[in-house]
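Enquirer: Here are the chains, one letter per residue:
Protein chains: 2
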Amino acid sequence: MQNSVQKLVNNLVNSGIKNKKIEITCTIDNVSFDIQDRSIVGNVIQEWFGRWMTSKKIHWTAPSNTQTFPDFFLNGSDYLEVKAYNFDESAAFDVANFKSYIESVLITPERLFADYIIFPYEQKGNFFYIKDFFVSNVWEITSTMQKKKSGLITHQDKKGTIYNIRPYGSIYSDKTKGFKTRRDFIISLSKTIDYFSKQIIEPHSPFRNGTDWLRLVESSFLKKFKTPL
Amino acid sequence: MQNSVQKLVNNLVNSGIKNKKIEITCTIDNVSFDIQDRSIVGNVIQEWFGRWMTSKKIHWTAPSNTQTFPDFFLNGSDYLEVKAYNFDESAAFDVANFKSYIESVLITPERLFADYIIFPYEQKGNFFYIKDFFVSNVWEITSTMQKKKSGLITHQDKKGTIYNIRPYGSIYSDKTKGFKTRRDFIISLSKTIDYFSKQIIEPHSPFRNGTDWLRLVESSFLKKFKTPL
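So the sequence lines, in the order shown, correspond to chains X and P. Positions 1 to 229 (my numbering) are the ones given, in order, by the first sequence. Positions 1 to 229 (my numbering) are the ones given, in order, by the second sequence.
The following block holds chain X by itself, in its conformation from the complex (with noise of 0.2 Å):
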């Protein structure tokens, strides 16, 4: 975890954030309802982490184009997203598209240090409520998939279009099926780039496949931070 990310932490255990209720409510032509699709929450939550970061007097700085990786910069340059998900159910959040994933990381190999701070919430009656929060690095909360997809990372694809990488279902109860290291989950993403090759790889792209992929993005990784992936 990063410097500013633990003081971070630090703040929030202090401020009790836990079973604290989310209210959100809707308001047209002088009639209110308490909004119940969970649909939101995610948005919500980050929305009010930044004001709460800066009622904390936490400095914190956004992409100028919010849909852009990361959600929040700390110090400057550490990156940290917020990510939101009902307890009741599977953890299943974007954790980040797909495509636009590895190609971003051999230009930018920073996002694997990025922090994930995880608000798993439930809903009861008309409100929610923030059951924990903890914090992983990207390759924590992924695993690989079972079955005929043995290998690949933990994802999300629509009627066989790769789509999102996903968390895998248990990462608050079972935090042993993460990957070990970065590497790791990076040898599984280039796996999954030769399983969906004919939807990933184009005519311009700097890679021909996985083994191409890994070997590039191992090379900025090192002549960036002077040490192995």
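By construction, these hints were calculated from the structure, which means they are not laboratory data. Source: prediction; values computed, not measured. There could be a bad hint or two in this list.
No copy labels: a pair is met if it fits in one copy or bridges any two.
[To be verified] Once the Cα atoms are required to be at most 30 Å apart in a straight line, the calculated DSS-like pairs of lysine-lysine come out as:
1. 224 with 159
2. 198 with 99
3. 224 with 180
4. 56 with 148
5. 158 with 224
6. 223 with 159
7. 7 with 21
8. 147 with 99
9. 148 with 226
Position chain P against the provided structure of chain X, taking the given hints into account.
Expert: The following block gives chain P in isolation, referenced to the frame of chain X:
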């Protein structure tokens, strides 16, 4: 426009919904703030719309899986989709996942009769405002792309992978850009299938190319509705 939707529109007009304020407030740990994140407004409007219909004693149902099409059924079988977008930007909501749409329209050509009720909204200060609303067919809010993708349906892609059917940007101010007929819309989809065939056609696909698919839609439509597409 389906009769059930026409009734609903009359009701909305009578309610004077134009320019109404949408206030979305989040409270966590006794701290409240107005949510500014535009990405949740579409979901909030959809949830509000269900509640609004209920308050007007308009009977509706929804698919058990909220991720599937459509958002609402009226009269048990009339399809209604609810969309919203920021009036100060080009319309860019997801009409439908491309791959899912072309597969499902073969099985359920009823989708072509779906009404889309669309709410452009504005963001002013801390709040959102319903700018207006209108109802369109799917072919009236989509159009063909220009330049090297000439003839293809307006869509979103990410790094060369097609994701969603999208509207053309000026659906509010320029009603002339949409397709004139559902058949023109289907023809543009078939061209788009050919352009992205590597991503779309799979060994188990019931069609080998866009023309194949077009023929299948035509026969499915004719069989069900006893009238040509």
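Enquirer: The structure should be examined with respect to each hint, and the outcome stated for every one.
Expert: Here's how the hints hold up against the structure:
1. 224 with 159: Between copies only: 26 Å across chains, 38 Å inside a chain, cut-off 30 Å.
2. 198 with 99: Both: 12 Å inside a chain and 16 Å across chains, each within 30 Å.
3. 224 with 180: within (22 Å within a copy, 55 Å between copies)
4. 56 with 148: neither (48 Å within a copy, 51 Å between copies)
5. 158 with 224: So residue 158 and residue 224 pass the 30 Å test across copies only (28 Å; inside, 35 Å).
6. 223 with 159: For residue 223 and residue 159, only the inter-copy Cα distance (26 Å) is at most 30 Å; the intra-copy one is 38 Å.
7. 7 with 21: For residue 7 and residue 21, only the intra-copy Cα distance (24 Å) is at most 30 Å; the inter-copy one is 39 Å.
8. 147 with 99: Both: 23 Å inside a copy, 25 Å across copies.
9. 148 with 226: neither (37 Å within a copy, 43 Å between copies)
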